[in-house]
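Take the sequences, apply the hints, and build the full model.
Order-wise, the sequence lines are chains D and F.
Sequence positions in the first sequence follow this note's numbering and run 1 to 121.
Sequence positions in the second sequence follow this note's numbering and run 1 to 121.
It is worth saying that the hints were derived from the structure and are not from the lab.
Just so we're clear, the structure is a prediction, and the values are computed from it rather than from any experiment.
Any given hint could be a false lead.
One copy or two, it doesn't matter: identical chains are merged, so the pair holds either way.
The calculated lysine to aspartate or glutamate pairs, modelled on EDC-like cross-linking and capped at a C-alpha distance of 20 Å, are [what the hints assert, rightly or not]:
| hint | residue 1 | residue 2 |
| --- | --- | --- |
| 1 | K81 | E4 |
| 2 | K11 | E73 |
| 3 | K11 | D57 |
| 4 | K38 | E73 |
| 5 | K11 | D70 |
| 6 | K81 | E47 |
| 7 | K81 | E49 |
| 8 | K38 | D57 |
| 9 | K38 | E4 |
There are 2 protein chains.
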Amino acid sequence: MPIELVNIRQKLAQFSDHWNPRIVGELNGQHVKLVKLKGEFVWHQHEAEDEMFLVIDGSFRMELRDRTIDLSEGDFIIIPKGTEHRPVAPSEVSVMLFEPATTVNTGNATGELTRETLEYL
Amino acid sequence: MPIELVNIRQKLAQFSDHWNPRIVGELNGQHVKLVKLKGEFVWHQHEAEDEMFLVIDGSFRMELRDRTIDLSEGDFIIIPKGTEHRPVAPSEVSVMLFEPATTVNTGNATGELTRETLEYL
Chain D
1 MPIELVNIRQ KLAQFSDHWN PRIVGELNGQ HVKLVKLKGE FVWHQHEAED
51 EMFLVIDGSF RMELRDRTID LSEGDFIIIP KGTEHRPVAP SEVSVMLFEP
101 ATTVNTGNAT GELTRETLEY L
Chain F
1 MPIELVNIRQ KLAQFSDHWN PRIVGELNGQ HVKLVKLKGE FVWHQHEAED
51 EMFLVIDGSF RMELRDRTID LSEGDFIIIP KGTEHRPVAP SEVSVMLFEP
101 ATTVNTGNAT GELTRETLEY L
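Written out as structure tokens, the structure reads:
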């Protein structure tokens, strides 16, 4: 792949739907994704993948089974594999994800919100 | 490791030296690092690791052998393994790095600027 400058806000301006991650970078078997969240996601876990959420714009909360973590712009968390979590965004939030290329957005909770194939932006 | 909220600016406020990356996250064998750049680095390449540079604050240029890429806040690039590069920052810039835990900052150009052991923040 050619070396390409990527501007996060420019990429975010190219889509408006929620819970549908776009791939914006790939390195070492990992994907860099951008996603817009709004509303409640499903409880799920990833069996084999740790997942990083970095807030680009807005805020949301990550619900864990034993507590909730509030994230705002410039915050990130890493959810270890095997950890149940549910992102909830009362207002729209833009998030960057770092995770293995094998990661499916809904993990073990396949359903309506599952995105099997992601678009490259 | 416990799940921990990390604020990037808070972490950046904890150090002021240049070319000395701090590890602020770890997932899937990859490290998330923060580093402040100022001045010219050495030409180098990483034999086995792709490397992502995301600008948090400020701007710098990434020199490649055939061209130069200017990066500002919200921009990122991925330097594929085996690609010679040299970051140059006329003014201080804060950068997030995403790369395998095995990555040494100076790659194949071991010398004065090499940081063998990185601090966890």
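Going through the hints against the structure:
no., hint, in the structure
1, K81 x E4, "between (30 Å within a copy, 15 Å between copies)"
2, K11 x E73, "both (17 Å within a copy, 14 Å between copies)"
3, K11 x D57, "both (13 Å within a copy, 19 Å between copies)"
4, K38 x E73, "within (15 Å within a copy, 25 Å between copies)"
5, K11 x D70, "between (25 Å within a copy, 17 Å between copies)"
6, K81 x E47, "within (5 Å within a copy, 29 Å between copies)"
7, K81 x E49, "within (5 Å within a copy, 23 Å between copies)"
8, K38 x D57, "within (12 Å within a copy, 27 Å between copies)"
9, K38 x E4, "neither (30 Å within a copy, 23 Å between copies)"
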